[in-house]
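Engineer: Using the hints provided, position chain B relative to the given structure of chain A.
2 protein chains.
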Amino acid sequence: MNKQQLIRQIRERRNFLCVGLDTDLKKMPACVLKGDNPIFTFNKAIIDATAPYCVAYKPNLAFYECFGLEGWKALEKTIKYLKMEYPDHFIIADAKRGDIGNTSAMYARGMFEEMDVDALTVAPYMGEDSVTPFLQYPDKWVVLLALTSNKGSHDFQLTEDSHGERLFEKVLRVSQQWADADRMMYVVGATQGRLFEDIRRIAPNNFLLVPGVGAQGGSLEEVCKYGMTSECGLLVNSSRGIIYASSEEDYAEVAAQKAQELQQQMDILLTAKGL
Amino acid sequence: MNKQQLIRQIRERRNFLCVGLDTDLKKMPACVLKGDNPIFTFNKAIIDATAPYCVAYKPNLAFYECFGLEGWKALEKTIKYLKMEYPDHFIIADAKRGDIGNTSAMYARGMFEEMDVDALTVAPYMGEDSVTPFLQYPDKWVVLLALTSNKGSHDFQLTEDSHGERLFEKVLRVSQQWADADRMMYVVGATQGRLFEDIRRIAPNNFLLVPGVGAQGGSLEEVCKYGMTSECGLLVNSSRGIIYASSEEDYAEVAAQKAQELQQQMDILLTAKGL
Chain A
12 MNKQQLIRQI RERRNFLCVG LDTDLKKMPA CVLKGDNPIF TFNKAIIDAT APYCVAYKPN
72 LAFYECFGLE GWKALEKTIK YLKMEYPDHF IIADAKRGDI GNTSAMYARG MFEEMDVDAL
132 TVAPYMGEDS VTPFLQYPDK WVVLLALTSN KGSHDFQLTE DSHGERLFEK VLRVSQQWAD
192 ADRMMYVVGA TQGRLFEDIR RIAPNNFLLV PGVGAQGGSL EEVCKYGMTS ECGLLVNSSR
252 GIIYASSEED YAEVAAQKAQ ELQQQMDILL TAKGL
Chain B
12 MNKQQLIRQI RERRNFLCVG LDTDLKKMPA CVLKGDNPIF TFNKAIIDAT APYCVAYKPN
72 LAFYECFGLE GWKALEKTIK YLKMEYPDHF IIADAKRGDI GNTSAMYARG MFEEMDVDAL
132 TVAPYMGEDS VTPFLQYPDK WVVLLALTSN KGSHDFQLTE DSHGERLFEK VLRVSQQWAD
192 ADRMMYVVGA TQGRLFEDIR RIAPNNFLLV PGVGAQGGSL EEVCKYGMTS ECGLLVNSSR
252 GIIYASSEED YAEVAAQKAQ ELQQQMDILL TAKGL
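Residue numbers (my numbering), protein chains in the order written: chain A, 12 to 286; chain B, 12 to 286.
Chain A with its partners taken away, still in its complex shape:
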């Protein structure tokens, strides 16, 4: 999916919500665990319930990998289901990959050819040649980690260099040379508040994938105040706040309510921006 198509989806569906499919058997309703293929059953129910209120889905690969082959089967089945039933929804594989060039090329092949997702999260630590192999696919996206939502983001990402530039700023600035804004997004945690202003100075046109609204305490209004562009430029992710809002049989229904609440807030924020 290219940038114009993504922006059209956001305008038409009146939201910029990404639902995180961090599907954890330990948090799953008992009624789902009793059946076959609980991971896929849960994902399918969540997707069917929330699709009207979001524009993107983001399975985090850790939650599938940890079950070995069965987990990978459930992930592949989930992505096939999304592509078949909801082809206008954007799919982000949250994998935080990144390795030397020939190895990143193998990851890219797996994600963009075999899985055929739209975007992949990538870690920047190994630099340019670890990221560029992911940028060779038309209409596929790199979502590069810039400033994450967790406590540990302070350990290295905020380190100032001898010119006063923080590491996340250097990652943004340097990586702007690797691709333009129709191929590169950045992860910026909602918990970072006003730092969105600094980010927009360096990356004015890139989409930002924003985790940390909800369970991690970030504010949607603040993210939009400092981070929204004239093309929206935001995909705000919620995982636990939607998919585990109820652990009873009504889990899908409650997930839909939570997604709809966010969609309605987003509609107002888009309208206020003239979108």
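Keep in mind that the hints were calculated from the coordinates and are not lab data. Note that the Cβ used here is the ideal one computed from N, Cα and C, for glycine as well. Some hints could be false.
[Unchecked claim] Derived coverage of chain A by chain B (criterion: at least 3 residues anywhere in the stretch with Cβ under 8 Å from a Cβ of chain B; other residues may be distant): (1) 71 to 77; (2) 83 to 94; (3) 131 to 140; (4) 172 to 184; (5) 187 to 194.
[Unchecked claim] What follows is a set of in silico ranges between Cβ atoms, one per label pair, in the way DEER data are often shown: (6) 149(A) to 165(B): 27 to 33 Å; (7) 81(B) to 276(A): 42 to 48 Å; (8) 257(A) to 38(B): 49 to 55 Å; (9) 237(A) to 80(B): 38 to 44 Å; (10) 91(A) to 99(B): 39 to 45 Å; (11) 205(A) to 96(B): 56 to 62 Å; (12) 48(B) to 275(A): 51 to 57 Å; (13) 275(A) to 16(B): 56 to 62 Å; (14) 81(B) to 284(A): 42 to 48 Å; (15) 46(B) to 209(A): 55 to 61 Å; (16) 91(A) to 13(B): 39 to 45 Å.
Structural biologist: For chain B alone, kept in the frame of chain A given last:
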């Protein structure tokens, strides 16, 4: 496997070689491709041929993930084969994972419980809480990226902060607080030569996993001169230089020769160090 066991293997086997199982169908001998399960067939032949000359194996997960389910099956089968037939060899899953805490915990579960490998490579960009979930397993290891062997390592890893400390040095220094040297190793590329001196000032006792000897141009002698400790403290990896040394039917035999050449060089270097 704990540190004393690893050191004993190195002393007894007279080498500190890790064979990288970056198994790429495009580089595989035609005779292997014709059969069933070419990835596992190739790995098994390479393992049987090289096991006398190495102490560790390092499958890089990208090369398996890129084939989806079939790739994961081949990876699981390879690891099971290693654990069954060569239980004294150390197994490193080269995956360069790292995510927020609850997600890293899922990766850790997948790698250390399901796969049951000895060690996992982890990317440091997201800081402490992205790494510590991997440190909760007795006798399992984190191999944290510090200074990698690729060109892109210069983009961010060498950035000096306002105190003159380079990012890789900060990663080493800060992460020394997260675990001691019997749980934490570091990736340091062989192409970085004399920087091993700087690394040993900060991390005098940790094992270093050293890629980049061979195809990438690093020197084994230089790595040992500046990086070897009284406990050896090195695992030097070679992938392409061993496993693709021949693309003919004699590939396993030639891989054994290449591994043996390195083993003999390592024996001399260990002896020179009194090990």
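Engineer: Checked against the structure, which of the hints given earlier come out wrong?
Structural biologist: The structure conflicts with hint 5 only, although it agrees with all the remaining ones.
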